[in-house]
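Peer 1: One-letter residues, chain by chain:
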Amino acid sequence: MSAAVTRNAGRRAMLPQWATLPVVFGGIIVLLWVVVGITIPLWTPYDPTMLAGGRFQPPNASHWLGTDALGRDVLMRTLYGVRHSLPIAALVIFCAVLIGGTLGAIAGFVGGLVDSIIMRLVDVTLSFPPILLAMAVTAALGPGLGNAAIAMVIVWWPIYARLMRAQVLSVREREHVEAAIAAGATRPRVLTKHILPLCWSPIIVNATMDFGQVVLLAASLSFIGLGAVPPTPEWGQMISDGALHFYRWWIAAGPGIAILSIVLGFNFLGDGLRDFLDPRSK
Amino acid sequence: MRTGIRTILLAGAGAAAILSGPAAAQDQPLVIARNLEINSLDPHRAFCDTCQIYLSSTYQGLVKLAADDRSVEPLLATEWTSNEDQTQFTFKLDPDAVFSDGSPVEAKDVKWTFERLKNLQADPSFMMNGVASIETPDEKTVIVNMESPNSEFVGILAAPYVGIVNSDVASENGAMAGEDASSADQAETWFLANSAGSGPYVLDTYRPDDELRFRVNENYWGDAPPIGEIVIDHVADAVSQAQMLQSGGADIAMQVDPDTASTINSPDITIETVPSYNFIYVMFSPGAEGGDMLDLEVRQALAYAIDYQGAIDFTVGGEGELQASPIPNGFPGTEGLPMPEENLDKAREILASKGLEDGFTLDITVASLNVYGVDLTLLMQKIQQDLARVNVKINIQPVASAVWREQIANPGIPFSARFYAPDYYGSAQYVQFFGMLPDTYWERNASGQGKVDLVNKSEVDLFQQALAASGDEMNRLYHEIALEMIKDRIIVPVVSPNLILAYRSEIEGVRYSACCNLPLAEIGRK
Amino acid sequence: MTTYIVRRLIAMPLLLLGVITVAFLLTYFTAADPLTSIIGERQMNNPAVVEAARERWGLDRSLPERYLIYLGNLVTGDMGTSFRTRQPVAQDLMVRLPATLELVIAAMFLGTIFGVVLGVLAARFRDGPIDNIARLFALVGASAPVFWSGLLVLFIFSVQLGWLPGPGRIDTRAVAPPFVTGFYTVDALLAGDWAGFRSVLLHLVLPASVLGWTVTGIVSRMVRASMLDVLSQEYILAARAKGAGPLRVLIHHALRNAMLPTLTILGFSFAYLITGAILTETIFSWPGIGSYAVAAARGLDHPAIVGVTIVGGAAFLISNLLTDIAYALVDPRVKLSQQESS
Chain P
10 MSAAVTRNAG
20 RRAMLPQWAT
30 LPVVFGGIIV
40 LLWVVVGITI
50 PLWTPYDPTM
60 LAGGRFQPPN
70 ASHWLGTDAL
80 GRDVLMRTLY
90 GVRHSLPIAA
100 LVIFCAVLIG
110 GTLGAIAGFV
120 GGLVDSIIMR
130 LVDVTLSFPP
140 ILLAMAVTAA
150 LGPGLGNAAI
160 AMVIVWWPIY
170 ARLMRAQVLS
180 VREREHVEAA
190 IAAGATRPRV
200 LTKHILPLCW
210 SPIIVNATMD
220 FGQVVLLAAS
230 LSFIGLGAVP
240 PTPEWGQMIS
250 DGALHFYRWW
260 IAAGPGIAIL
270 SIVLGFNFLG
280 DGLRDFLDPR
290 SK
Chain R
215 MRTGIRTILL
225 AGAGAAAILS
235 GPAAAQDQPL
245 VIARNLEINS
255 LDPHRAFCDT
265 CQIYLSSTYQ
275 GLVKLAADDR
285 SVEPLLATEW
295 TSNEDQTQFT
305 FKLDPDAVFS
315 DGSPVEAKDV
325 KWTFERLKNL
335 QADPSFMMNG
345 VASIETPDEK
355 TVIVNMESPN
365 SEFVGILAAP
375 YVGIVNSDVA
385 SENGAMAGED
395 ASSADQAETW
405 FLANSAGSGP
415 YVLDTYRPDD
425 ELRFRVNENY
435 WGDAPPIGEI
445 VIDHVADAVS
455 QAQMLQSGGA
465 DIAMQVDPDT
475 ASTINSPDIT
485 IETVPSYNFI
495 YVMFSPGAEG
505 GDMLDLEVRQ
515 ALAYAIDYQG
525 AIDFTVGGEG
535 ELQASPIPNG
545 FPGTEGLPMP
555 EENLDKAREI
565 LASKGLEDGF
575 TLDITVASLN
585 VYGVDLTLLM
595 QKIQQDLARV
605 NVKINIQPVA
615 SAVWREQIAN
625 PGIPFSARFY
635 APDYYGSAQY
645 VQFFGMLPDT
655 YWERNASGQG
665 KVDLVNKSEV
675 DLFQQALAAS
685 GDEMNRLYHE
695 IALEMIKDRI
705 IVPVVSPNLI
715 LAYRSEIEGV
725 RYSACCNLPL
735 AEIGRK
Chain G
890 MTTYIVRRLI
900 AMPLLLLGVI
910 TVAFLLTYFT
920 AADPLTSIIG
930 ERQMNNPAVV
940 EAARERWGLD
950 RSLPERYLIY
960 LGNLVTGDMG
970 TSFRTRQPVA
980 QDLMVRLPAT
990 LELVIAAMFL
1000 GTIFGVVLGV
1010 LAARFRDGPI
1020 DNIARLFALV
1030 GASAPVFWSG
1040 LLVLFIFSVQ
1050 LGWLPGPGRI
1060 DTRAVAPPFV
1070 TGFYTVDALL
1080 AGDWAGFRSV
1090 LLHLVLPASV
1100 LGWTVTGIVS
1110 RMVRASMLDV
1120 LSQEYILAAR
1130 AKGAGPLRVL
1140 IHHALRNAML
1150 PTLTILGFSF
1160 AYLITGAILT
1170 ETIFSWPGIG
1180 SYAVAAARGL
1190 DHPAIVGVTI
1200 VGGAAFLISN
1210 LLTDIAYALV
1220 DPRVKLSQQE
1230 SS
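Chain order of the listed sequences is P, R and G.
The numbering of the first sequence is the numbering used here, which starts it at 10 and goes up by one.
The numbering of the second sequence is the numbering used here, which starts it at 215 and goes up by one.
The numbering of the third sequence is the numbering used here, which starts it at 890 and goes up by one.
These aren't lab readings, by the way, just hints derived from the structure by calculation.
One should not assume that every hint holds.
[Stated by the list, open to error] Chain R regions said to be covered by chain P (calculated; three or more residues, Cβ under 8 Å):
1) 468-478
2) 588-598
3) 612-626
Here the structure is a predicted model, which means the values were calculated and not measured.
C-beta: ideal position from N, C-alpha, C; glycine also.
The task is simple: from the sequences and hints, build the whole structure.
Peer 2: Right, dumping it as structure tokens:
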């Protein structure tokens, strides 16, 4: 893929190197959804949980994606759905990075027994297939988007812990860190001022790439009845509604395309970034 | 070499074509599409709708519910008598009756069955409540002595859970009937692979979430059923069931809802809509946290504010009936009861007289469940809109059914929705569950485990009398109780959803039964 | 190398114990009382019934006691009895595991074939429209929720066109082949049941395609990358110079060398397939581990949740281990050092 990058960059010198077609395409999709999510109450008068017309209307002029079993507008619910999916994904990633990053940094910097305990915890958590662990956690906590979010943080933090630990381990060998230690800087100061600032970039790239996966897992949990509960206009929940009436294909079509597009957007972004960062794309 | 391979391939294809071609129709198993949801196949632990179908086809009770869904007919017992005050029942067993292993049905089997049902302390054990002792003067006579009058006892014996088990075979496989049965009995797993009754069918195989397969009982002592092999295939949702029916993969679909039924448009398929004895109700719990404003008058006002017909149209597309009291239409005592009424003016008037014309807010939870075609959350959303008309705002929090069941007991839920299906034909079960008698399920939960006094003394007295009465007198007493239960305004039935029987037109004998759901032995091919 | 593998092997049982402990602890801290999934509503107020159920299912014991009993039983292969199916969990899993494996293997097979074809095409027509279409197809597969694409293909190919059968593993009227391996394809062949075999294969097509699509991208990316790697190497250029046709070079030289890394990548796709299988099984009423797990999680069936989580964790651990070992084996640097030492 490196060839593609350089060739494109050569052709369009005004664009920065990372702005390959997939990245731009993915970025536009994601940006559109963010704009919809923020502005939708301004330009739609409907409440997505209230009746908008007759039940089971196929797509027509007044309901572009038809209506569902309750006579609610599918398009409206689909658009409102982003107000659940994106914030949940952002929250999950943020918490996972915060928790995983902190623990990983401590493990890498302190080492010894602390390192062992944290990393064994990481190993055990990563030993579960993600969805199974998330299912077990939500089964324990009870359904609900909040609980699903907790479950997903539990699934994701070890990934960042491992990443952060590796970063800290490599950075702490550098000369300026050793110099700081020699100059008598306190350990917390060395960690926060001299090591951490150099560790963030791969974590941020990884977080971007995980966004789509979080959206997908959240929708999956809702689909099997362990995430959002009705009448929340959540995409996975809406598809599970649609599955109950699946001759009326349009009920699931809206949320299905929504998930597909947003995850595709993030995957394009991630794919493009990965190509840029790792030309051999292992 | 090449020709060789081709010949083999062709031969294989030919064999496949022959095997998959239409075999003789009568030899084919009958396929029923249904969500299995089986909790157990042990007759004394099972308690589910599919269990009713299974047990009533593989086991037989002393008596059975007749096709009119009201009267009781002889089955294993040819005759029975009761004493004057309904405390002693005597049964004579049919001399011809044999179990599926060919051994005769004897009094000791009956005694063993009743004792095991009682002592296992499982879900259906309540059916043996009040049984004091069982005597077996000879091999074909059983005498049951009750602690107190129970006019419904014979009716209860028609329930599938009271089917008589071959005690010798079951005991050999770990089943116990003694007082320590609840911990000593080890037979539940065995019952998942074997049946030990005298019914027209025996269990062939059961694979959870996959299929339940019956084959005909070779030693059946009655008339052999028309179909030799029946499969209940696990199909979770209504649409898939309808699709299987249309593609010919299934002969009967049991849980097709009105919405899905309206998409079926084929001459090969018969769709019948019949009233059911299942119902969905809403209930008020003045003793629950946040429910203290729900006194009798306010409950009355809110009951007036519900648009009952609208709810039926909305939840089941009009395919349902109104129901007056917590005793379902058609059960003893329900004739001529006043149906629930929507009356917004009265509702507003009452609320105004209480100084509540500006309404109040209720935070409630409801189980996110779809039962008998009704989505409880959806029903609650409809009622949310109804109550908004009298300025009462309800915030709905849907939860898993198990969570709901915890919350309803503690801290209680001021207002919610639930469902009920009969366990046998008789009205006492409803009084014992819904009535405001001390320690019934809903007396405990609605009162916040006794925080407020909801006990209705006249219900207590009337029920005592009803249990000792029979015939018209019993009907009259249950009618009185039903009127009292309506006045309580704790339980407000909203809809009794109709049942849709969808089957391929070459099938006959499909019938809904109050005790047994679908009597398999009556089904045949034209 | 050897020390690496030995170290991983030693860590395995410890990780497994961790997996068991976490799975067990999780279900202990549930929000709802598991009794609600054992006892019906009507009897919840009956102290005798509640007491009997608590005792029978061991819920009256303390957590450490239950944990030790569970561990002790687990050693003998006893994972307790499911609240829901009332059968031993181990037995339930034994019956369902082949169903899931059959689906996953079929999906892997389809996914690999498609992935290899796409990867080869993409490498051959690098940066051209075919490359981009192949990439888009793979990305859509990885992005589309299987619970929606499953519905979609069911609606199109089963309901509308009637080409393929709907949910389930075998025709409803057919009797499942006698249990030998639990793989219906194999069992039907062993029983010489051609109609059954055909029905089983047809039932596999839709769910396996939907599931396989999710890993197409992983495979095609790997094939493409290693093909490009190989194609640029000297012996390929030499083969070309000798006048070998482009197709011959592609298949004979390049693909063969690209296959080894591709096989190892399949291990990584296992996680995707587990996730996908759980959702695919739900849509296609596939009586495998996935639908069992979903039903258990919904119904608070604790013994089943613990059992399925342990089995899933163990499978995941083993596949990760095998993948890592395989990866270490084919890693060029490792290979080089081995050659030098030998």
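Peer 1: Per the coverage rule (Cβ-Cβ under 8 Å, at least three residues), is the segment 468-478 of chain R covered by chain P?
Peer 2: Held - the segment 468-478 of chain R has 3 residues with a Cβ nearer than 8 Å to chain P, which meets the minimum of three.
Peer 1: Are 3 or more residues of the segment 588-598 of chain R near chain P, judged by a Cβ distance of less than 8 Å?
Peer 2: n = 4 at 8 Å, threshold three: holds.
Peer 1: The segment 612-626 of chain R covered by chain P? Criterion: 3 or more residues, Cβ-Cβ distance below 8 Å.
Peer 2: Satisfied; 4 residues make the cut.
Violated hints are absent here; each numbered hint is respected by the structure.
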